[in-house]
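Trainee: So the chains spell out like this:
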Amino acid sequence: MRGRLWRLAVWLFVVGFVLNLVGIVGHVVVSSFARRWFATPVPSAFTTEWYAYAWREFQLDQVLTVTLTVAGTVTAAALLLGFPAAYLLARHEFRGKGPLLLLFFLPLLVPQMTYGIPLATTLYRYRIGGTVAGVIAANLVPMLPLAIFVLLPFVEQISVNLEWAARVHGATRLQVFRRVIVPLALPGLLTAGLLVLVNTVANFELTFLLSGAGSQTLVVALYYAVFAAGMRPIYSVDAMAVIYMTIVLAMLVLALRFVRPTQMVFRLDRRD
Amino acid sequence: MRLAVLLLPSVAYLLVMFVFPFAYGVLLSLTPGAGALSLANYLAFFLDPWQARTIWVTASIAVPNTLVTVLLALSVAYSMRHGIRGERAITAALVLPIALGTVLVAEGINGFYGPKGWLNQALVGLGVPEPPRLTHNYTGVMIALFVQHFPFCFLMLLGYISGIDPALEASARVLGAGAWAVFRRVMWPLIAPGVAIAGALVFVMNFGVFPSAVLVGQPAGATRTIAIAAYQQAFEHSDMSMASAIAVVMGGCQLAGLALILVLRRRMAGTGVATMGAGKR
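Listed in order, the protein sequences are those of chains A and B.
Taking our numbering, the leading residue of the first sequence gets 1, the next gets one more, and so forth.
Taking our numbering, the leading residue of the second sequence gets 1001, the next gets one more, and so forth.
FYI, nobody ran anything at the bench for these hints, they're computed from the structure.
It is possible that some hints are incorrect.
[Claimed, not checked] Where chain B lies over chain A, by a calculated footprint (3+ residues, C-beta under 8 Å):
(1) 31-45
(2) 57-69
(3) 161-172
(4) 175-186
(5) 190-204
These numbers were taken from a predicted model, which means no experiment stands behind them.
Glycine included, C-beta positions come from ideal geometry on N, C-alpha and C.
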């Protein structure tokens, strides 16, 4: 009986939480289509003109170009640099591996606001701050370790015997890498790539600290629009929010085909 | 070893872009006005009540929020350890706020919980004459952080708990343990390390709260957190030296919270029982 009640309470809480989520997201969507909305359950008249307005006023063409450039470059760089590292970490034991893993883990553990300020200070000093290059460089700091840790178990799964067999048959190291390992690790590369892509588009803090006038990504532009609420109609801000949401959701749906929801957060392994 | 070349680019990148800026920031915080080494920045921070109280403000948000988040996430994840109907749909819905990020959630919260939002309308409709204000104050930040971090903590713990071998629980049951005894004697010792890590991560994220504190909070008063103080020093006063000092203080607080959680974990779960049988999902 008590067990039943407990389960019911938990279930009600979860449903309540999801309902609140629906409300939070739903409000933004409805508001973006409202001609005017003031303390009624639904707006009295609907319109789509806020989308055109937001596109124009917030210069979304330029913002989206920056967002795609940043996300694409960060993803490519994270995979390019991260895959060889993940391969070595998965295959070899060596002295100093522990501290090295810690070095890779720290950028994921330390909050971005904490290391973002010194990082921004450094990058502005060397005149990289405020540029698209600076935003890319900063985002790569947490995304490279993310890619490595996602790739690691995928590489571990590939049997060493396959590599040896290829070597025995005369393949060079490079050939083994290109013809055996990369094709077998493709699911891992896809997963890691998608996770890095979603995370980069949604990553706020580092991008916020490093971006200048021409190097804002969509989420940072959205922040400034919400921050300056009252400067422009709230409906147009919400229209921009919906555009952002659509992009993230599209990538999320794609990602969830390959990864479990529990993989979207840190993986807690028991290795102690 | 020739293969080290595979690792070199990643390590070099993090050394240059993570370790070096960190060291540079610490050094900068200790040399105000490009002068000799001094603690002037830190003294100024702690002696100025307007700055020093940000630590208290941040802690009064971060600590209760972490406790509530971890407790609820643990309850729900534990209840779902054998799977329930619609689990995939629920977990997918919960990924939403994580994927969408703080800024979008903040904008949604301002609308939904705001004075003209659906929640307020419903409360008025139910006969509550003056519903409490839920946005642009302390409560708003608490809601925003909970909406963000509950799913995060829950998914982490769910992955962790469902990796525990169900045979352990079944054995305990067969031997006559009740639901509470199973939790306390068998499951908790196995779950505790995961809860400690999840709690530590949530606390650290809570303590660095920035966008929510600005957008749903009251950044000039009740929710002027330490991250806001650091940001203002850096970008409004262009005092990178002082900003770095505040960032160092923020990191120190986060480290202290982390250490406290790890010590607690050792006290509570240092029994050494039943540590086998848990693994990856």
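Trainee: Each hint: holds or not?
Mentor: The hints, checked one at a time:
no. : hint    : in the structure
1   : 31-45   : holds (count 6)
2   : 57-69   : violated (count 0)
3   : 161-172 : violated (count 0)
4   : 175-186 : violated (count 0)
5   : 190-204 : holds (count 4)
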